[in-house]
Every structure is written in structure tokens, then in C-alpha cells.
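So the sequences go chain by chain: A and B.
Residue 500 in the working numbering sits at position 492 of the first sequence, and the numbers go up by one each step.
Residue 680 in the working numbering sits at position 672 of the second sequence, and the numbers go up by one each step.
One or more of the hints may lead you astray.
What the hints assert, rightly or not - Using 20 Å as the maximum straight-line C-alpha spacing, the simulated SDA-like pairs for lysine to any residue come out as follows:
#, chain 1, residue 1, chain 2, residue 2
1, B, LYS602, A, THR576
2, B, LYS578, A, ARG207
3, B, LYS578, A, HIS605
4, A, LYS578, B, LYS238
5, A, LYS670, B, ASN603
6, A, LYS674, A, HIS605
7, A, LYS574, A, ASN331
8, A, LYS294, B, GLU424
9, A, LYS574, B, ASN603
10, A, LYS574, B, GLU672
11, A, LYS602, B, GLU672
12, B, LYS238, B, GLY155
13, A, LYS574, B, PRO58
14, A, LYS602, B, THR576
15, A, LYS318, A, LEU249
16, A, LYS385, A, GLU495
Stated by the list, open to error - Here are the computed distance ranges between Cβ atoms for each label pair:
#, chain 1, residue 1, chain 2, residue 2, range
17, A, PHE92, B, ASP267, 48 to 54 Å
18, A, LYS670, B, GLU538, 53 to 59 Å
19, A, GLY165, B, ASP98, 55 to 61 Å
20, B, LYS222, A, GLY165, 48 to 54 Å
21, B, THR171, A, ASP214, 50 to 56 Å
22, A, GLU80, B, LYS274, 41 to 47 Å
23, A, GLU153, B, ASP267, 50 to 56 Å
24, B, ASP145, A, PRO263, 50 to 56 Å
Unchecked claim - Covered stretches of chain B (in silico footprint by chain A; criterion: 3 or more residues with CB under 8 Å from a CB of chain A, positions within the stretch not fixed):
#, segment
25, 661-671
26, 676-684
I should point out that these hints are in silico values taken from the structure, not numbers from a laboratory.
Heads up, the beta-carbon is just placed ideally off N, CA and C, and yes, glycines get one too.
Protein chains: 2
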Amino acid sequence: MDEKSFSREIELNRICVKDGFWTEKMELVRKEVIPYQWEILNDRVPEAAPSYCMHNFRVAGRMMEEKRKKGEAYKEPTYTFRGFESLPEDPGHPDENSFYGFVFQDSDFSKWIEAAAYSLIAHPDPELEATADEAIDIVCAAQRENGYLDTYYIINGMDKAFTNLRDHHELYCFGHLAEGAVAYYQATGKDKLLKAACRFADLIDDTFGKDKKKCQGYPGHEIAEMALVKLYEVTGEKRYLELSSFFIDMRGTKPYYFDKEFPPAKDAPKIRYHYHQAHLPVRQQKEATGHAVRAVYLYSGMADMARMKKDDSLLKACEALWNSIVNEKMYITGGIGATRLGEAFSYPYDLPNDTAYAETCASIGLVFFAQRMLKIKPESRFADIMELALFNGIISGMSTDGKAFFYVNPLESDPEACRLDERKSHVKPVRQKWFGCACCPPNLARLIGSIGRYAYTEREDTFFIHLYVGGDIRKTIDGREVTIHIESGIPWNGLVRVSVKTADEKPVHMKLALRIPAWCREQMRLEGAEAFTQSVKDGYLYLDGDYNGETISAEFSMSPCVIEAKDTVKEDEGKVAVMRGPVVYCMEEADNGKNLHRIRIRPEKGFREEKTEEFGIPAVVLECYGLQPQQNTPFRMISGGRDEKSQRTMVTSLYHIYEPEKYENKKLRLIPYFLWANRGENIFSMPTIFYVLINDCMASST
Amino acid sequence: MDEKSFSREIELNRICVKDGFWTEKMELVRKEVIPYQWEILNDRVPEAAPSYCMHNFRVAGRMMEEKRKKGEAYKEPTYTFRGFESLPEDPGHPDENSFYGFVFQDSDFSKWIEAAAYSLIAHPDPELEATADEAIDIVCAAQRENGYLDTYYIINGMDKAFTNLRDHHELYCFGHLAEGAVAYYQATGKDKLLKAACRFADLIDDTFGKDKKKCQGYPGHEIAEMALVKLYEVTGEKRYLELSSFFIDMRGTKPYYFDKEFPPAKDAPKIRYHYHQAHLPVRQQKEATGHAVRAVYLYSGMADMARMKKDDSLLKACEALWNSIVNEKMYITGGIGATRLGEAFSYPYDLPNDTAYAETCASIGLVFFAQRMLKIKPESRFADIMELALFNGIISGMSTDGKAFFYVNPLESDPEACRLDERKSHVKPVRQKWFGCACCPPNLARLIGSIGRYAYTEREDTFFIHLYVGGDIRKTIDGREVTIHIESGIPWNGLVRVSVKTADEKPVHMKLALRIPAWCREQMRLEGAEAFTQSVKDGYLYLDGDYNGETISAEFSMSPCVIEAKDTVKEDEGKVAVMRGPVVYCMEEADNGKNLHRIRIRPEKGFREEKTEEFGIPAVVLECYGLQPQQNTPFRMISGGRDEKSQRTMVTSLYHIYEPEKYENKKLRLIPYFLWANRGENIFSMPTIFYVLINDCMASST
């Protein structure tokens, strides 16, 4: 591993995003998602299922207060099992002092505070900050004196804390708490929540570790691995780094820790826990498996640790897992997790379009993973995938009004199938208001709010632009402050302008590293860069020289492009996708009428681009030609059409003698994939992968 | 309903099957399936999971003996819940006197005795008969004095008998018992088992009925409906007919009976019990729904009852349900049940090829249904479907050596997917030895053993040939005995010969009704029928006249034919099937190499037929032309192929820029669908539905 290739994140308070695409999303998050989620957390949205998140913290807080008051006289409750989700209507728990919701419900607060923190950085807001402080007070009041902070066990009985790492989510909740706390500290300088997270981390460090007297377990749902690295980076406390390293190293070693919690059946398979990525020690893992969100969260933590420890064996595993995802298990939208069974990766090349899981959170996790790989080595392949996921499988998770969300992002959706076929019941034909298991909306909020973190990294004298997100970024070179100003037309056009200004208006020597997007297939056009030494490495154009306010323009050609999957992807046989720049396109009944599955696209006829505002944001839609069956040709039954003569009734209308279809031309309108299902709740169908392979001679009216 | 159109089954002892196809299958059943199953029933097959079927009868028999001995002093066990399947290793039941196996395990005996009975008719065998008598003694010894005979409750506690009709299978076990008992009585004249079945029926009749003091329930798993009709037909006891009628009439009425057993949740849907076909009163049912086997068993009972009671409203429902199946929910193989979730019908036109359930038993039930419709009105559409199911989705359930079985009959099978994709784990790439839930093998055995029952029916002066099964059938006309002699080349050629001889060698006036198969697309060639009055009605050729030993030859043209599904079947878009006569063809890797999903078939190039013995039976395979991708064309990555120049690593090898494929001709070999997976356990892939729609201009080497 070459440490010289490392680069660092830019602190968000050095970034001011002003982007034609992302600023609007950030504003949606600020104005819609964050306030709405706060109401959700407090069970104040009548049409949504109660979250019980703040309720649980309040209950735990009252218990802690009582405990402080009573001292030794306080009687701890002994453990009551409440199941994975517990509700007021469950038998035997009618109490206002009960824990409700999912076992991981605490994490909803943490995701919210993280999103709120990012919003406060970009857009100071005393009212939001006051609300956040109030929430933090409630949360911190629930913390036990030993640092423990998970309301499920605080309320239901601490005697069973840390005894079901496999299925319960204490370490997951801790991870989100730490991430939220770090963000809020970075946003406001206030350290109350950070200290609480550290105290919880200290307790976990006392409880888990290599020392045989300690617990040898690790999280059932990963995130603590990367959260502890963040906590280490902000506090400098090495124990946190070592704790993360311990979790990573122990994972998947034999005897399986989870077997201790749940002794396996006699005929249990020798290799198991794929779902938890705990089937093998992480350094031996080569194939991305199991629950997709958990997987990419783990891989992100592994990449962090590889960089922190300069651990080549860990980086090698990360590389293998990255390749496994992007070369065998990723949809063209950047969606991952092909099966709803376990919300998991399927086997290589199994990428069904209609039963895809492709959870918004999983693609977000893929961005986390990509960003961490980029920090180790700036190679555009990571940033290309990051961009692909962002503009497709991630942003499709949110409606254009910021009020409804997809958990699952299929590449084909037929509302009738979603309604009637239990195998597709996870696929929703329209975005939903909120979820009981509300991971995706707040995950989207925290990602969008920190988009600058993924867009750029830096080394002493180098500034990397991985994603062309417009804005101003402050950087210090040799003690001098410089501002990098970026304008970007992406994703709708490939025009990008970058300038570097110094505060003292004198030239500064540095390198700008511009990613050459994978989708830019013709040579890019560069202007204003004549004075700089140009070189290309790993997909980045390096411009080395003295900067003094010059504007460098790069135009990346962005023309519609037809993409085909590798022939091993059976579900895409005879089909293609259409992209323009980083944006994947799809077709809706709203534009193209019924029976979309009968249409064949004719890529050879070219595409016409059209700007539109009909989705409430600027967007480019495509027109192209396709073929559709000329009419419902009256067909011959398999009984052979002698029916009148032979006076017999028909055998079946389901099958008939094949006659090559007669086709007619049809104009098709394709819209960006991420904008599908944004035009009301009308019945529509959405394919992203189109049939092709009909040629001219088959068309009757060419 | 026109009673004059009714026809009757031929008793099996009047039929002697001598058929080029079916005789061999009957011999397999006699020599392999029946003896093997007897060993299974007695837990004497080391490599198969124990059945516990006879074990349970023996345990119950010992209890009854003890009860008889002790009289009033005998203490009945009170009910112990044992779950849907109970095993010796379950906690708390280590006793030799426990019930083991599925709750419906008793029915395995009944299916076996039915198959044994048919075998004894066709092939008397004192040893088998002695074994059967011995088995009957064991079973009858288990019967309670009040007639009750279900070992699950006899052993586990009678106090809960008939309290879980929805999920437990007492009435199902009764139904199979009655069917087995009727068959054994017809085969041997011995009535011990028949009397036991009648006593159980009497008890059920005392327990269930319109009288408000009686139970208003009905079977959770149907079969008793048709079994009671059989019992009525053989005993003349009208109460049995009325009991069946009661079950049919009560089904689906509100309040739902099953709600009484299991009070529904507050938010339960208003219409439910689709799975059990109990969502609506049966006369209001128009769409085939729920568990496919249960459904067709019910519909068969309904058709029986429609005929018995001349009930037009019931017949109308049967017609609607028949049409729902064959016009919206049936695979080209006659397979039904498109989803493994509930082993059930999916919604109309949802017929996925690779995740099909298409249980062997469901297609067998479709044959039951078809035969009952035929008895009401001889229309060839019913017999066509019967034949389609028999030669494809049913007979595929058994290996050519009679030793292994498919439960699920998919139209596409990829062993890797079966192994790695939980969504396809129900699809087995090779036939299995035996199943814990062993419905399909014995169901096949009893169907094959009684094939003559489905092949022919009669009226006073008319003899119907629905299926061309070769053999001699005795019939009485005006007190005179005539023998109908049939020779048939079906399914491999369309040549059929029929002659009618009288014992007294004098002419007899009668009508032969020959089904004109749906697959016979050119006019059939008829010879030797000049002396008869010919007419065609509902797909049957009626030959009316004086018969005196003439041989009538009919040749039904049988050429390969390409079939397409209705365009509403999305899963078959751009695909076709190939049939020859009633046989559907498929393609295996064993003949055609890997990557079958990349091959396009070229039906316009025609087919070459070839006789083969390689499967151990005579068969016809087809050769035809297809196209395959010329080679793995080196493709351009989505990064645009500038990789060497730009020194960057590849983004993904999963997607690349589309270029129309170059194809080359390839000879394809298609084999009968039902013969797939018969050539060893080598890894292969099997599609039945082929890609088409590539025309000449796309082929490079035409």
C-alpha cells in the first residue's frame, strides 16, 4: 500500500455546496425531511405508524432519574423478552413505561441528529439547533452511569445486555450514535453527545476485547467498525481504533461467536453466517454475501482500517469484495442486493430486474465503501460507481418533493404484480410516506447533507474532484488559504468549470485532479489549462502548476449510450439499458402507453434530447424509436383453427401457433430512472432494461 | 345441463391396457413404485427418511386393543399438540408409542392401497394381495369403535378431533381412505377396508351437517368431496352423497367456519382463505386460486356433484374455474400452480418458467377435473388438456426407471440457481428418491394404474375414446358382449386403429366417438370407416353403424409445431415452445452445450424427427436450427475503451456498450420435456421456452 496515494476528506465546514442538482436536494432535506422526521421520532404524525424512538429515551431517562434518586434502593428490572418489534397492543405490555418499536429504534435518533448536524453546517438555524440540543438532553438522560445507552435493554432488563449480538442491535445503535455525535460536534462544537458516545464506547471497550476474560463477540449488524474510526479521528483515542480492529479481526473466526449465543443444530452447515458476513475471517472473504447493507458497512469499516493500519491483507480483501460487487452483483443503477430473502446479495450474475431488492441504504453503503477506497487510492473506478449509485439507485429513493421514499429500487415494476404476487410484495409501485423500519429516509438525509465529503478529497498540494458537485471549498496550502470554486452541469450536461483563488491574490502552486468520468466516451474538451502540466493517471487528469484565479473549463461529452450486461446475466438476455452521462433511463406507461413489455427499442435510430421542467427540477428526457406489435393479430389456437368446421370449442386461449410478429414504429419517451413514479399514483409500469434485437427487416413500416 | 350427454367411466376390470407407452409405465409402477413404497411405509429404506405411516397405525392398533381389553378402565390420552410434522428427535416425545410424521401421514397408506388395487386388477399377484390384506388388517385394527380412523388424534388425544379442520387433515385422510377402500373392493371384492371407510364416513356424517347441532365445517384440504361420491357410487348410500354436497355448499359461506377455529386478527382482510378455496361460496368462484392441488381436488368434487345433482349453477362455476385455469393459469406442459408460496395459483398470466411450482399432483388433479367434466359433456377441449398434462407435466414427475420423482416441474432449470437462489430452492435439477411429504409418487402410481378410467367413457350405445390408450375394452350392448380393440402410436405417431368385435360374431349397432386431437392440425386420414355414418361434434368424430370386426384406422398428423403464449404472459415475451403431437420439447445442455439462454431458435428452418431408444423407451427427438453468438466478442467497457491510453482501471466488467450480436447457425437437439434430467446427475440446464425473434438478416452465416 502506497501511503503517498492517500488523501483526506474535506471537513464539511470548509465546503459550501452551490450546485444545480444537489443544492435543491439539500434544501429538501432541510425543509422537509429533517422537520418531518423529528415529528415522526416524537409520534406526532397521525398518518404514520408511531416511531416510539424519543418515547423510549424518555422512559429510560425517567428510570435513570429514579435510580439516581433511590440509589441502592432502586430495583433493576430483570429482562423481559420483547421480540424484534414490540407494540402497545402486544399482550402483557400495556404500560406507558414500556419499550416500543424495533429493537434498533434508538438509531433513528442518531441518524436524525447526524442529518441535522450537516444541515446546521450548511445552513445555520438556531431553532433546529435548539431542538437538537433538547433531543440530546433527552438521550443523554437515558444513559446509565456505566455508559451503556441502548433503551431496549435499559427498559427491558440490563441483565441480558450484550447477550444477543447476532440479532439484537446494541452495537449497531452504538455505531449510529457515535456517527451522529461526531457530526454534531463537528457542526456545533458542542460535545455533550460526543462525550456520551465516548462513554458508551469506553464501556464497550471494557466489555469486548482479546483478553479472554472479555467478550469475544462482534456486531450482528455492522457499522460500529467505521463509527469507531470516526470517533478515533475526532478524539484521538487509540482504544477506539483498536476496538474497531478487534471487531474486524474476530469476525468469522472459529469457533463462531454467534454459535455461543445460539448453539447450532446438529446438522447445521459447516460454513454459515453468510447473512452476517461472519462465515469466514474477513481477510478470506472474496465474495460479497449476505445482507447487502450490513456487507457494505463492514467493507467500509475494513477499508478504513486498511488505511489506518496500512494493512495490505485487509486492502486486498476490500479489493476482492469491491470487484465481487461491481463485476458480478450490481445493477446498472448502482443497486445492490438482488434478493429480498435476507435483503441480500444473490449469487454472481443473478440480477433479476423485477424482484430486485436494491435497497436505497445498500447503495448508500456502497458510496461509503467507494469513498473509503478513494481515500486509499484515487482511482476513478471507485468514483464512477459512487456517481452511478448516487444519480440512480440512491436518489430514486426519494420523491421530488422530499416527502415519500423507496426502500426497494427495482429495475422493473408492474403494479399488478406488486399487488398480487407475494414474491414481489416488497416492490412498491409508488414511494411510501415513511416506514416502520425507517432506515432509508434518514440515511438519504445524512448522505445528501454531507455530499461534499464524497465529492472531494485532498493531499497537501493536491485537490481531488471525484464528483462534480458545484461549490466553494477552502483549502490551506503552506499556511495560505485558497478557495476552489467549482461549477458543474452534471448530471444534465458535461460542462464543468474550476478556478482556484488565493486570499492574497498571489499564485499558489498546487495540483488539481479532475476525474474523467467513465461515461465520457469521446475525448474531453479542455480550456484554460494551457499553463498547467497535464498528466492522466487512474482516470484522473492532473493539472499541476501555479494557480491564480484562472478558470479551467472541461467539457465531458454526454451523449445517450446503449448498455448491455455481460452475457452471464441471464435476466438481461436480449435486453439493453440506456444511459446519458451518469443517468440511467427508464420508460413509463405515463408516456408510452400500456404493454411496455412488448416494446422493442431501436438504438440504431438514435436519441433526441429534450430539457423538461415537468418533474419540478431541470431534467433531460430522451426520445427514441422503438417497435411495437402492429395490432393484436388474430391468432390461431393450438387446436389449429378448424374450429368452426369441426364445431369444437377452443382448448385454451393461452397458447397459439407462433407467427412472427408484425411490428410498427413507435416513438418512445425515456425519463431518468430516478424520477420514475413521480407523477401521481396512477397505474403504471416501469422497465429500465429494454428488449432489443429486432432489426429493420422485421419492421413493417420502416 | 343435458343428461343425455352424460357418459360413464368403464370399470377397470373391463379394461386390459396394451399400449406402447402406458403399459411400460404400469409395469414400472407394479415392479418399482408399489414394492418400494411398501418398504417406505414400513420405514425399511435406509437411505430415505422414515415414513412412520404403518408405525402410527400399529401404535393406534395397540391402543385400541388395550381399550377393548380394559373396557371402562381404559384411560384415554388427552390431547398433546405435535405440530404439523413430529419426529422422534422432537423434545418430549421419545416414545415408541408416539405419532410421528406429518399430520396427514395416514394418507400414504391409502394412496398405496389404491395403487396396489389397480395393479391387482391389471396383474393379479397373490403375494401383493396378501401384503395388502395384512396392511388392511393393521389399519382396521386402529379404528375406534365409533368409526374414527385418523392416527394423529387417536394417538395424541381424541378430545381435539375435528377441531382444526383448517390445518389438520382428518377429512383429507378420510377421503384418501375412502378412495383406496373403493379401489380395493373393486379390485378384489374384499370389503373389510370399504366397511371401515363407511364406518368412518358414517361418523363424519353424524358429526357434520346442516342440523345446527352438528359441526358446520368442511375440509381444509379437499378430496373428501369426490371420495364421498365414489363411496356413494359403490355403496348406494345416499347420505354419503349428501355429506359431500354439504361440504361443497358450506365452503366459503359467511361467517367463515375457519374463523371459528382461529378467530381472525382485527385487521384481517374481509375476503380470505383463498389458499383453501374458501374465500367465497363455491358457486361464486370464478378464478382458480390458492393451493393448486386442493383447488383441482375441490373442482373435481364440484363437477361430480354437478353431474349427480344435475346442478347447473355448480356446473357453471366448474366451467368458469376450468376456463380460469386453462386460459390464464396453465403452463404449456399442463403444469399448474405458478408460485411456491402456498404451492398456489398466481394471478392471471403470471407464469414464470424458472420459479414455477407446477406440482405433479396438481396436474394429476387437473386430469381428475377434466375427466369429470368429460363425463358431463364429451367435449375434446377437456380431453386435450388431460392428454397435455399426462404427456408433459405429469409423466415428467417420474424418472424413466420409476425410481425417482419430481414434485416440482419447472419449465426452465439452472442447477446453479437451484442451489444458490433460495427463491428457486423448490426447483430440483434432478428427480429425488422419495419425499417426506410423499404425495407425488403414489399419486402418479394410482393415476397410471387407472389410466383406462381416463381414456374411455361410455353411454348405452356409444363408446368414447378420449385418450388413445391401446388395449381391449369389454362393453355390453343390449345384453351382448362386445370388445373394443384399440392400437395407438401416440404420443410418438398419430396412427390409431380401432375395431369392435362381438362375442357372437354378428354385427352390433353402436357409435364410436373418436377424439380429434387439438394437435392434429391437418385433416385426419380415416380408413375403413366408409360403412359408417360420420359426424363431428365438440371435437369428436362419431362413427355410427353396424360393427362386425372392421378395423378403422385414423391417422392424426403429428408434425412439430411452434407455439407462442398469449402476449399477456410477460415471462414468455419473445419466446416460443415446440410441440409435436401432445409432447412439449425442451433443450438440455447434455445435447447442446452450455449457455442455452443465449441460443435463439429458428422455427422457419423446420425440424427433423429422429427416433431414439437412448432414454430406455421409444421416443422421438427433434433436430432444428438455432443461432448462437458467434463468439465472446471482446466488448467495450462502459468506461469507453480508452483504458490503455488513460491508464485507468476498469469500472466494471458487468456492463459494456451495446453492439448488436453476431450470430452463427447452430444445430439444436430437442428432447421430450418429460424426459429431461434422465441422463445422470451431470450439471445441465433445461429451458422449455426458447428465445425467438431473430431473423435472417441478423445471422452472419445464413
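These are the hints, each one checked on the structure:
no.	hint	result
1	LYS602(B) x THR576(A)	11 Å, holds
2	LYS578(B) x ARG207(A)	57 Å, violated
3	LYS578(B) x HIS605(A)	7 Å, holds
4	LYS578(A) x LYS238(B)	49 Å, violated
5	LYS670(A) x ASN603(B)	29 Å, violated
6	LYS674(A) x HIS605(A)	14 Å, holds
7	LYS574(A) x ASN331(A)	15 Å, holds
8	LYS294(A) x GLU424(B)	19 Å, holds
9	LYS574(A) x ASN603(B)	12 Å, holds
10	LYS574(A) x GLU672(B)	19 Å, holds
11	LYS602(A) x GLU672(B)	35 Å, violated
12	LYS238(B) x GLY155(B)	19 Å, holds
13	LYS574(A) x PRO58(B)	46 Å, violated
14	LYS602(A) x THR576(B)	11 Å, holds
15	LYS318(A) x LEU249(A)	13 Å, holds
16	LYS385(A) x GLU495(A)	25 Å, violated
17	PHE92(A) x ASP267(B): 48 to 54 Å	28 Å, violated
18	LYS670(A) x GLU538(B): 53 to 59 Å	44 Å, violated
19	GLY165(A) x ASP98(B): 55 to 61 Å	30 Å, violated
20	LYS222(B) x GLY165(A): 48 to 54 Å	51 Å, holds
21	THR171(B) x ASP214(A): 50 to 56 Å	55 Å, holds
22	GLU80(A) x LYS274(B): 41 to 47 Å	45 Å, holds
23	GLU153(A) x ASP267(B): 50 to 56 Å	52 Å, holds
24	ASP145(B) x PRO263(A): 50 to 56 Å	53 Å, holds
25	661-671	holds (count 9)
26	676-684	violated (count 0)
Of the hints listed earlier, those the structure fails to meet are numbers 2, 4, 5, 11, 13, 16, 17, 18, 19, 26, in rising order.
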